[in-house]
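Colleague: Chains as they are written, first to last, in the working numbering: chain A, 7 to 512; chain B, 35 to 316.
These are computed hints drawn from the structure, not numbers from a lab.
In silico BS3-like cross-links for lysine-lysine, where the CA-CA straight-line distance does not exceed 30 Å:
hint, chain 1, residue 1, chain 2, residue 2
1, B, Lys282, A, Lys322
2, A, Lys135, B, Lys263
3, B, Lys282, A, Lys323
4, B, Lys196, B, Lys60
5, B, Lys217, A, Lys438
6, B, Lys151, A, Lys316
7, B, Lys60, B, Lys290
8, B, Lys263, B, Lys75
9, A, Lys373, B, Lys106
10, A, Lys404, B, Lys217
11, B, Lys316, B, Lys60
12, A, Lys322, B, Lys151
13, B, Lys151, A, Lys363
14, B, Lys151, A, Lys373
15, A, Lys132, A, Lys61
16, A, Lys61, B, Lys196
17, B, Lys282, A, Lys316
18, A, Lys10, A, Lys184
19, B, Lys106, B, Lys151
20, A, Lys173, A, Lys385
21, A, Lys363, B, Lys282
22, A, Lys132, B, Lys263
23, A, Lys363, B, Lys217
24, B, Lys106, A, Lys173
25, A, Lys184, A, Lys216
26, A, Lys323, B, Lys217
27, B, Lys290, A, Lys61
28, A, Lys61, B, Lys263
29, A, Lys61, B, Lys106
30, A, Lys184, A, Lys30
31, B, Lys75, A, Lys61
32, A, Lys10, A, Lys502
33, A, Lys17, A, Lys184
34, A, Lys316, B, Lys217
35, B, Lys290, B, Lys263
36, A, Lys322, B, Lys217
37, A, Lys363, B, Lys106
If you anchor each label on the Cβ, the simulated ranges turn out as follows:
hint, chain 1, residue 1, chain 2, residue 2, range
38, B, Thr312, A, Ala65, 21 to 29 Å
39, A, Ser117, B, Arg157, 42 to 50 Å
40, A, Glu325, B, Glu105, 44 to 52 Å
Given the structure is predicted, the values throughout are model-derived calculations rather than measurements. Idealized CB from N, CA, C, for every residue including glycine.
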Amino acid sequence: MAKKHTVDWNKVDEFLAGLETTEKHEIEVRREAIPLVFVPGIMGTHLRRPGTDGKGEDADELPNLRWSTDTGWMLSNLIFACSDGARRRSLLVGTPDQSFDPNYLEVDEDSPPGDGFRGIMEDYHKFLKVLREHDWGLLSKYFVLPVYAVGYNWSDDVKNAGTYLAKRIDAIIEESRKVTGLCEKVILISHSMGGLVTRTASEISGAQGKVAGIIHGVQPVTGAPGAYWRMKAGFEGFNSLGLVQRALGNDGPKVTAVLGNIPGGLQLMPNKVYQTTNQESEWLTVTVDGNAVKKLPENGDPYAEIYRIKAIVHPKKGENPSQNIYWGLVDPELLNPEKLSPEGGDAHDAMSSELDKAWDMYLQNLKLAETLHDELCPKGGVPKQHPHTLTMTGIGHKSVSVIEMRVESNWVRSEPYPNQGFRGFFTDAAGKDWQAVLQDPAEIGDGTVPWSSGAALETAERPKPGDVRLEAEHQPAYEDKAVQAWAIEAVTAMVKQRYHEQRKGQ
Amino acid sequence: MKWAGWCILVAGLAGCAGAKKVELKKEAIGRFRVGVPEAVKAASRSQRIYGVRVEAAQLGAWALRMAELGEKVVSRPTMASGVEAVWYRQASDLILEARQVRGETAVTIVRDAPEGKEAVAERLSGDVLAAYVEGTAAGFCIGPGAIRMGPSLSESVRMVWKGIGNSVRVEFSTQTVTSPDTKTFMDVDEERGFAGLAGGSFAVLRERNRTVAGMAGREIWITIGLPGKEPQVRFTWHFAGVGREGTKPKIDIVGKSGTTDQAALEAAWEAMLPSIETVPVK
Numbered sequence: 007m008a009k010k011h012t013v014d015w016n017k018v019d020e021f022l023a024g025l026e027t028t029e030k031h032e033i034e035v036r037r038e039a040i041p042l043v044f045v046p047g048i049m050g051t052h053l054r055r056p057g058t059d060g061k062g063e064d065a066d067e068l069p070n071l072r073w074s075t076d077t078g079w080m081l082s083n084l085i086f087a088c089s090d091g092a093r094r095r096s097l098l099v100g101t102p103d104q105s106f107d108p109n110y111l112e113v114d115e116d117s118p119p120g121d122g123f124r125g126i127m128e129d130y131h132k133f134l135k136v137l138r139e140h141d142w143g144l145l146s147k148y149f150v151l152p153v154y155a156v157g158y159n160w161s162d163d164v165k166n167a168g169t170y171l172a173k174r175i176d177a178i179i180e181e182s183r184k185v186t187g188l189c190e191k192v193i194l195i196s197h198s199m200g201g202l203v204t205r206t207a208s209e210i211s212g213a214q215g216k217v218a219g220i221i222h223g224v225q226p227v228t229g230a231p232g233a234y235w236r237m238k239a240g241f242e243g244f245n246s247l248g249l250v251q252r253a254l255g256n257d258g259p260k261v262t263a264v265l266g267n268i269p270g271g272l273q274l275m276p277n278k279v280y281q282t283t284n285q286e287s288e289w290l291t292v293t294v295d296g297n298a299v300k301k302l303p304e305n306g307d308p309y310a311e312i313y314r315i316k317a318i319v320h321p322k323k324g325e326n327p328s329q330n331i332y333w334g335l336v337d338p339e340l341l342n343p344e345k346l347s348p349e350g351g352d353a354h355d356a357m358s359s360e361l362d363k364a365w366d367m368y369l370q371n372l373k374l375a376e377t378l379h380d381e382l383c384p385k386g387g388v389p390k391q392h393p394h395t396l397t398m399t400g401i402g403h404k405s406v407s408v409i410e411m412r413v414e415s416n417w418v419r420s421e422p423y424p425n426q427g428f429r430g431f432f433t434d435a436a437g438k439d440w441q442a443v444l445q446d447p448a449e450i451g452d453g454t455v456p457w458s459s460g461a462a463l464e465t466a467e468r469p470k471p472g473d474v475r476l477e478a479e480h481q482p483a484y485e486d487k488a489v490q491a492w493a494i495e496a497v498t499a500m501v502k503q504r505y506h507e508q509r510k511g512q
Numbered sequence: 035m036k037w038a039g040w041c042i043l044v045a046g047l048a049g050c051a052g053a054k055k056v057e058l059k060k061e062a063i064g065r066f067r068v069g070v071p072e073a074v075k076a077a078s079r080s081q082r083i084y085g086v087r088v089e090a091a092q093l094g095a096w097a098l099r100m101a102e103l104g105e106k107v108v109s110r111p112t113m114a115s116g117v118e119a120v121w122y123r124q125a126s127d128l129i130l131e132a133r134q135v136r137g138e139t140a141v142t143i144v145r146d147a148p149e150g151k152e153a154v155a156e157r158l159s160g161d162v163l164a165a166y167v168e169g170t171a172a173g174f175c176i177g178p179g180a181i182r183m184g185p186s187l188s189e190s191v192r193m194v195w196k197g198i199g200n201s202v203r204v205e206f207s208t209q210t211v212t213s214p215d216t217k218t219f220m221d222v223d224e225e226r227g228f229a230g231l232a233g234g235s236f237a238v239l240r241e242r243n244r245t246v247a248g249m250a251g252r253e254i255w256i257t258i259g260l261p262g263k264e265p266q267v268r269f270t271w272h273f274a275g276v277g278r279e280g281t282k283p284k285i286d287i288v289g290k291s292g293t294t295d296q297a298a299l300e301a302a303w304e305a306m307l308p309s310i311e312t313v314p315v316k
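Throw the hints in and build the complete structure from the sequences for me.
Modeller: In structure tokens:
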């Protein structure tokens, strides 16, 4: 019988005591686990009501599984249901009496979560399979790269999601250590909003020391005016977006009833350092005959100039010129569709009004968004990012970099929220009716995030394969072969980095 | 006299040769009375008037509910005689729940309020409770009776029935509107797009204007088949409503089933729609 010894891979050059020449010895080199942890984008995690297993329905006949990317679930609960804003709000926020509650939903996953695959959108599994089956060549002699996914409650504040991810990183390291005996760090791979979550976990929630590096794909680093576009007009046509992205609705009222009530949705809005693809900080324009007559934010603060302004889409009767600010992000009447304005009602209607409450809750959620934005991307400072970061920005697809509201004369229109569109109505000093019509996306990006935001973390000093811009669409970015190849190269680079760190001086 | 449980016979598919008779029972909900097949069971129902959720609950339900709320309760306000009430906190919301036993019914209300406006919510909810009349044929119906108030600008109801075949589910919902809802269930773009992206099949089985209880609405029947799953059918009837008129809310009736239960759904549908009638306000 040989005497067994175990040596960590990075200590094979060190003196090994106890090797008596009279005995046979078997020396096992212990490999180091570096878990690859994938963090999805908004709507990419399945959510359920806490205290349930995600099966069945509650007393109001709403499914306990409140969000799933399974087509059968989407057909039953969104497409085939009475899928107006009120329905969508009740699924993800609660009854009309309830405001956003961070504990209203949780990730639908096993307990313990295992590899975490169950909790995330099935489309991601294709990329995770590629990672899992990849032959890492020589690196495999020293390292094991198990693949995990960490879904999160995307309706909640990204800061809470970051804290959750930081805890999961601890658990994954612990679990991997039990298997290999050696695990200190993970590599994070993010998609879209997952980029904000991973940066938060690393740079705000204290996980940086447990992260060997972060690979970001199509991250809205400084936000996405497309999120504003969708709050006003709904998600764009089926030709330009995936099934899951479309699920929140095809008009402003449906989308606002959800995104206006959850901090996670508001955290995708352009922040105070957002710049357009023309490197301008004003990203919302009102144009007349091709000339911009208004450009916002004038003072670099979209919160004060756009988000905290109540959107009023019709002019007050007889007010010439009208003062209604139609470009505000949220029309208060859309936040809680089952509780309407009491205008024109009786004394009890007046008592029942709750528009102020819905607006106050919106402002509270908005504050969470602003706090996160200011911490991750401080104005006048440098965006926070892990020291070993690599980014991929999607290009080649029409995206919203600038919001354009084009002023046109209006004779007959009265519907502010057509499918996939928005019109703000106003009158001029002469009492003439006008409409400001939201224009379609026209700049370059991944279809959701303009390249200027996706590339906002780029620096020239990155090691190979470096920060890249690839022709990739937002939602299926990691299904693209070129993106997969880059991601694998990025993982390889980070593992090699780890190798050199551990072998330093030897 | 209770509306639930009244049974009538209605000739389904009236005027059609060989039409199948479906025995109906009447359910009164909100401002409407709907005939539903005897075989179905109410799976859930909810009503709101003046933004106050109001229900007819079982007598023993209050004690269970109080046990469930436990430490969330922050106060027990004094309302009218016979009214038991609690304020409790749920995340950032302050919510009032109250009940009053009226005859054989425990009428319960739920209403939230912004901080500092609890008294207004208590008054509003108290007025709603006080307006309950057992066994009436008029008002805003909640099952065994009705709230004799309003109509208000904030009324909504939702009722779901199941029990025919394995998969038939019918939902009746109303919601007052500030302006007519000319979009919900008025076209099938979203559904067609969904089926296309999901790699499934899509077909429109019926699309026409149809007047129900004097209200001109839109009726659409579609079927969607997803790969590896039984094709589903959905029937909808939508009335756009009249802006700021409590008695003319938007109405959505949605029937769903697998294709194997489509005939049962059709029979129920054709019996239910002609049976709908409005309930007098007073």
